Amino acid sequence: MNIHEYQAKDILRTNGIPVPPGEVATTPEEAVRIAESYGSMVVVKAQVHSGGRGKAGGVKLAKSTDEVRERAENILGMTISGLTVEKVLITPAEDIDTEAYVGVMIDRVSQSATFMVSSEGGIDIEEVAHTNPDAIRKLTVDPRYGLMGHQAFWLANALYDDPSLIKQAAKIIRQLYTAFSTSGASMVEINPLITTTNGEVKAIDAKMSIDDSELFRLPEIAEYRDLSAEPWAETKAREANLTYVKLDGNVGCCVNGAGLAMATMDLVKYYGGEPANFLDIGGSSNPEKVVAALEIITSDPNVDVILFNIFGGITRGDDVAKGIVEATRRIDIKPPIVIRLTGTNEKEGLKILAESGFSAFTSMDEVVERAVQLAAEV
Amino acid sequence: MAILVDDNTRLIVQGITGRDGSFHTRQMIEYGTKVVAGVTPGKGGQSFQGPGGESVPIFNSMDRAVAETGGNTSIVYVPPAFAAGAVEEAADSGVDLVVAITEGVPVLDMARAHVFARDRGARVLGPNCPGVISPGKAKVGIIPAQIVTPGPVGVISRSGTLTYEAVIHLTNAGIGQTTCVGIGGDPLIGTNFVDALVVFATDPETEAIVMIGEIGGTDEQEAARWVSENLNIPVVGFIAGQTAPPGRQMGHAGAIISGSAGTAEEKTKAFEENGIRVAKRPVEIVGLIQDALGLKGG
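Just so you know, the protein sequences line up as chains A and B, in that order. Sequential numbering of the first sequence, starting at 1, is according to the working numbering. Sequential numbering of the second sequence, starting at 1001, is according to the working numbering.
Take these hints with a grain of salt, some might be off.
Here are a few chain A residues that face chain B, going by a calculated C-beta distance under 8 Å [stated by the list, open to error]:
1. V245
2. M265
3. V325
It should be emphasised that the hints constitute simulated quantities derived from the structure, not laboratory data. Since the model is a prediction, treat every value here as computed from it, not as a measurement. We put the beta carbon where it would ideally sit given N, CA and C, even for glycine.
Let the sequences and hints guide you as you build the complete structure.
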């Protein structure tokens, strides 16, 4: 789960990291009020789950009340990466001397939290990794010990020469590790970590991703979810315990198992079609889930055919068949449905489907070919 | 010969009295796996009834279960909040292999559990995996019995039902398996492709290997390099997620393309550059294996 800059900053502040104050506005008037309370130049920052906000014109300095209003008017309602800006963060502008990068994330190879720091801040760290990898210092935290004091200093030494700045940065790095490990994060980036002209180290931007598996035990973090940033279909999928990702094609897919679902999408493409979505319906044959899956898939107006690919292991074919028949009785589905059912109780399941007039296959290739054919006929 | 699980496996089921634990324990006993104990805190002293009337003793803790029954393998059917702890408890009790089925275990919990298990000398499989099956010998997990048959092919997969799709074609073509290993769909797993390959390399009965990968991470790429430098038997691969968009988690917590890293294209290329032929569709795996083994039909 992604969270907004202002939410990530709240978490960092709670953990003692120096972050300039900031408040969120949803209207230009609010933005003006907040800016006036700071009585200084402010930055108006779009709050959306997207990178490149600055490049898109969503981060602007405002030197006067009129400018604050104007910036807020322009940025609110703007679309960045397909997301509509509904909130802006108003924060006092800082006197920036230098910009660095500090990030921590779970590294799959070392299987632990890994810090990456660089004196080249304010730009895309992936770019730095390509053009100047020596400018990045990395450290993997041993889960037995956590981040040790001398390790934080070693990282801070990569950023600054001045002892006071190093000391401040080391403290921030230790606090960042605490924030990371107590907020269920999978990644936290401070970019840029700045030094001000009067020698203070501060975090003026923060990006944080939360491990979805942590949400059940961190309800206050789960509260940060921005439902307005999420398409209806994805919210519904989450609530129904399905996984759904919308794509651009017209062949709707409903599969049990993430790997098989990806392979199904790939096979649609192989046969010349375009998948409309990824949907993992999981192991249950419960009609409620099938209804939810069909509602989600058909909420996409591009869908011209719906393809089921079910390989029953524990899940029984006749249960799945009953679920599909029941679901299609309850809601009216316009696009044709083709079904592939195999595995446990396959024969019984196929019989139930045939009796209800469904086109059912046992071969994955055959069902995908048929689906692509039907989609092309529309 | 098979790897990881066989006739010598003495299995302890953690979470034996839960819905999933009890269902799958019956299936495993039916398959012929030696289930010697179950662990559910608070239910120590009770018994679990197998499908043929077998009586499996239940203990409150792993250390008691191992001491009383000599269990050497455990399987974890414990909810996400407690699963990493169950893995750690198992590792500490002295078992050689811990198979963690649970999906949705917090990643930071597993970061600690994997280190702990390694320190204790226990191999972890998973989490978020369907387990492992050595056809004709033992099943530790949820892979359906009817899709496998004994034979010469080793299978290593990050997936569940996609594995079944691949394996059923092999079985139907008369090409059986030594062991099918589900390594799981999470970002931090206890046994990765190379780990599994290293063990398969020691099995004289495994004559070819099928690797089923997906987007996310660099495991397949590392495995490809290891194969060309170390393995003398043919490997055939399949990568799911050619059509996955970047930055989106595709079901499995570990199935996510980060920036430009971990794409299906990159993995396919790594396989091909290292002599691993890549099937474009699951059904093509059989033909490639027949070719590799010099069998008719290939």
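Taking the hints in turn, this is what the structure says about them:
no., hint, verdict
1, V245, "5 Å, holds"
2, M265, "5 Å, holds"
3, V325, "22 Å, violated"
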